[in-house]
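J.: Sequences listed follow chains A and B, in order.
Mapping to the working numbering: the first sequence position 238 is 238, numbers consecutive.
Mapping to the working numbering: the second sequence position 251 is 1251, numbers consecutive.
Derived by calculation from the structure, the hints in this document are not laboratory data.
Some hints here could point you the wrong way.
[Said to hold, decoys possible] Result set (SDA-like, lysine to any residue): computed pairs, CA atoms no more than 20 Å apart in a straight line: (1) K182/A - L168/A; (2) K182/A - V1153/B; (3) K182/A - A1035/B; (4) K182/A - H164/A; (5) K182/A - E1050/B; (6) K182/A - L64/A; (7) K182/A - T1249/B; (8) K182/A - S1051/B; (9) K182/A - F11/A; (10) K182/A - W12/A; (11) K182/A - L1182/B; (12) K182/A - T209/A; (13) K182/A - A1057/B; (14) K182/A - V1131/B; (15) K182/A - S1092/B; (16) K182/A - D43/A; (17) K182/A - A212/A; (18) K182/A - R40/A; (19) K182/A - V1039/B; (20) K182/A - G215/A; (21) K182/A - G1025/B; (22) K182/A - I1037/B.
[Unchecked claim] Heads up, incomplete: computed chain B residues facing chain A, CB under 10 Å, no partners named: (23) F1029; (24) T1030; (25) I1041; (26) T1042; (27) A1047; (28) P1150; (29) V1153; (30) K1185; (31) L1186; (32) L1200; (33) W1203; (34) V1207.
C-beta: ideal position from N, C-alpha, C; glycine also.
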Amino acid sequence: MAEAWANPGAFWTQVIAMAVNDVAWVAFWLLFFDRAGEVRGWDSSRVLLLFAVLTTSAGLVLGLLANARSVGTLAANGGLDALLALPVPPLAHLLVRRIDTANVGDLVFGVALFLVTGGPTPARLGIYVGGVLAASVLLTGFPLMTGSLAFFVGRGEAGDFGLHSILLLAAYPADIFTGAPKLILYTVVPAAFVAGVPSTLVDDPDPRTALALLGVAAAFGVAGWATFTLGLRRYTSGAVWTRA
Amino acid sequence: MSAATSRWFAVGVGTAARRALAERGGLAFTLTFYAVIVVVITALWRAAAESGGGTVAGYDATALTWYILASEAATVALNIRMIEVVGDDIASGAVATEMLRPASVLGVRMAAEIGRALPRLAGCAAVGVVVGATTVGAVPSAAGLALSVPALVLAIAANLLAQHAFAAAAFWVRDARSTWFLYQKLVFILGGMLLPLETLPGWLHGVASALPFMAMAYVPGRLASGHVEAQLLVVQAAWIAVLAGVAATAFAAGERRVQAVGG
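Working from the sequences, and respecting the hints, build out all of it.
T.: So, in structure tokens, the structure goes:
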């Protein structure tokens, strides 16, 4: 954080740029529902709530745990050497080592969007915070798992693609889809649990749905940790000068 | 463009294309990513058409599906963070070594990026045809689909030129990396990648139609959706000429600045 704040001008430029980026997504959904009307029970207010959860959790993970998306690249390029020499848990240090200031804008935007359009009450706020935290665990574990495949296949793009896929798909309400697309969103790429399910819980709290969310988040969190840990045993030095 | 320039440009494109084809893992990921995205987004628009009485802004479900298949192919084939990559090369001074070549920095980069994009574009097109045929059946117009092929290549060129023009800001602004977010959203909405421009409110449709982003995704999508409007290719070519001029001017000015400060 100190490094990111060393250049306040660049910090705020990137935060504002990301916030404007998020406004564009809001604009897309407003335009879409203006044309399409209600689609399978979803309208603009529900989607804005979904987007608030998504941007908040994405901001937490991509902003404050920015290296979650870079594990594959670091592993493939031998960029973990300096990290392994430190007397700290590698994964924990790796995750917090870098902050992406642009994505901090997501965090700010998401919270503001919920406060403005989410009808915050103490109960809704509590569910929102819980949903965001669960989604954050999932958003950390999924790219960590896909990125750690680089330890086994030697290529680093899987993490980035995995992250982009889950983020892009999480921005769409899963209930709009049927058949194979919907199955994809609840299983292989669990994007429905990143924003759709948490936002539905805010409007309609249900214990079973909440347990499902927590279970999926925990499963992918553990999968990410396990894949990274197993992969690290195979890691060999890339003889690259890096900073820890 | 002189014969010598055309020759090295073609060599650059061919070399980059062969390199991209050799990177089978990267190509596979791109095509998988494209397949997942289009399956989901086309399903979204078909649901919208179903809720809207069968059409949305004059597009039926089949037309919307083929529109998205083409508009997404035109953008997924490219590195979405190209502006960041170019900006980093400029900020780090790596571009200074490229200036030592007896060839235009912008030209060499464009040749490499077009070459890298072409195999991905071809792969996305093939995947798109399969997705379209299996979800909604035949393309609305064979002529439209045929016209969308050159439109996709022109869209790639327009997008790359615009990204380089944006990235050239790094010659003056130390941290222009974050502009890729904004650029991407301009292509998403004003470029028609996520939604046909006809779905925009009238005033916004007018604005989008007057900007170069429509050449990067809307045109191939419009043609593939069955609207045989060949004049759109002329529009793309015109925007490519404008964007090439802007990018070349920006890079020339930026390279002079690099020399002036001893980069």
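J.: All hints, please: hold or fail.
T.: How the hints compare with the structure:
1. Under the criterion of a C-alpha separation no larger than 20 Å, the hint pairing K182/A with L168/A is consistent with the structure, at around 14 Å.
2. Our distance criterion of 20 Å between C-alpha atoms is broken by K182/A and V1153/B, whose separation comes to about 32 Å.
3. As the CA atoms of K182/A and A1035/B are separated by approximately 14 Å, the hinted pair is consistent with the 20 Å bound.
4. Restraint check for K182/A and H164/A: the C-alpha separation of about 18 Å stays at or below 20 Å, so the hint holds.
5. At most 20 Å may separate the alpha-carbon atoms for a hinted pair to count; K182/A and E1050/B meet this at roughly 17 Å.
6. A hinted pair counts as satisfied when its Cα atoms are at most 20 Å apart, and K182/A with L64/A does not qualify at roughly 30 Å.
7. For a cut-off of 20 Å, the pair hint linking K182/A to T1249/B is broken: about 48 Å separates their Cα positions.
8. Of the supplied pair hints, the one linking K182/A and S1051/B holds, its CA atoms being roughly 18 Å apart against a limit of 20 Å.
9. For the given pair, K182/A sits about 38 Å from F11/A by alpha-carbon distance, which is inconsistent with the 20 Å threshold.
10. Our distance criterion of 20 Å between C-alpha atoms is broken by K182/A and W12/A, whose separation comes to about 38 Å.
11. For the hint pairing K182/A with L1182/B, the CA-to-CA distance comes to about 29 Å; that exceeds 20 Å, so the pair is violated.
12. Distance hint between K182/A and T209/A is fulfilled; the C-alpha atoms sit about 17 Å from each other, no more than 20 Å.
13. The hinted pair formed by K182/A and A1057/B fails the criterion: a straight-line CA distance of about 25 Å is larger than 20 Å.
14. For the hint pairing K182/A with V1131/B, the CA-to-CA distance comes to about 16 Å; that is within 20 Å, so the pair holds.
15. Taking the CA atoms of K182/A and S1092/B, the gap is about 44 Å. The hint is violated against a cut of 20 Å.
16. Using a Cα cut-off of 20 Å, the hinted pair K182/A and D43/A holds, with the two alpha carbons roughly 18 Å apart.
17. Restraint check for K182/A and A212/A: satisfied, since their Cα atoms lie roughly 16 Å apart, inside the 20 Å limit.
18. Taken as a hint, the K182/A and R40/A pair is honoured in the structure, with Cα atoms around 13 Å apart against an allowance of 20 Å.
19. For the hint pairing K182/A with V1039/B, the CA-to-CA distance comes to about 10 Å; that is within 20 Å, so the pair holds.
20. With a C-alpha separation of about 19 Å, the suggested pair K182/A and G215/A falls inside the 20 Å cut-off, and the hint holds.
21. Between the alpha carbons of K182/A and G1025/B the distance comes to roughly 26 Å, so the proposed pair goes past 20 Å and is violated.
22. Of the pairs offered as hints, the one joining K182/A and I1037/B holds, with about 12 Å between alpha carbons and a cut-off of 20 Å not exceeded.
23. Residue-level restraint check for F1029/B holds (minimum Cβ-Cβ distance to chain A is 5 Å; threshold 10 Å).
24. Annotation: T1030/B was flagged as interfacial toward chain A, and the flag holds, the nearest CB pair being 8 Å apart, inside 10 Å.
25. Because the closest C-beta pair between I1041/B and chain A is about 8 Å apart, less than 10 Å, the hint holds.
26. Hint status for T1042/B: holds, given a least beta-carbon distance of 9 Å to chain A, under 10 Å.
27. Among the interface hints, the one on A1047/B holds; its C-beta lies about 5 Å from the nearest C-beta in chain A, closer than the 10 Å criterion.
28. This hint is violated: P1150/B has a C-beta 28 Å from the nearest C-beta of chain A, more than the 10 Å allowed.
29. A distance limit of 10 Å between C-beta atoms decides the matter here; for V1153/B the minimum to chain A is near 24 Å, and the interface restraint is violated.
30. Contact between K1185/B and chain A, as hinted, is supported at the beta carbon level, the nearest pair being about 4 Å apart and thus within 10 Å.
31. At a threshold of 10 Å, the smallest CB-CB gap from L1186/B to chain A is about 8 Å, leaving the interface hint in force.
32. Given the 10 Å rule on beta carbons, the hint for L1200/B holds: about 6 Å separates it from the nearest Cβ of chain A.
33. Interface hint status for W1203/B: violated, as the beta-carbon distance to the closest one in chain A is roughly 12 Å, over 10 Å.
34. Taken as an interface hint, V1207/B does not check out: its beta carbon lies about 13 Å from the nearest beta carbon of chain A, beyond 10 Å.
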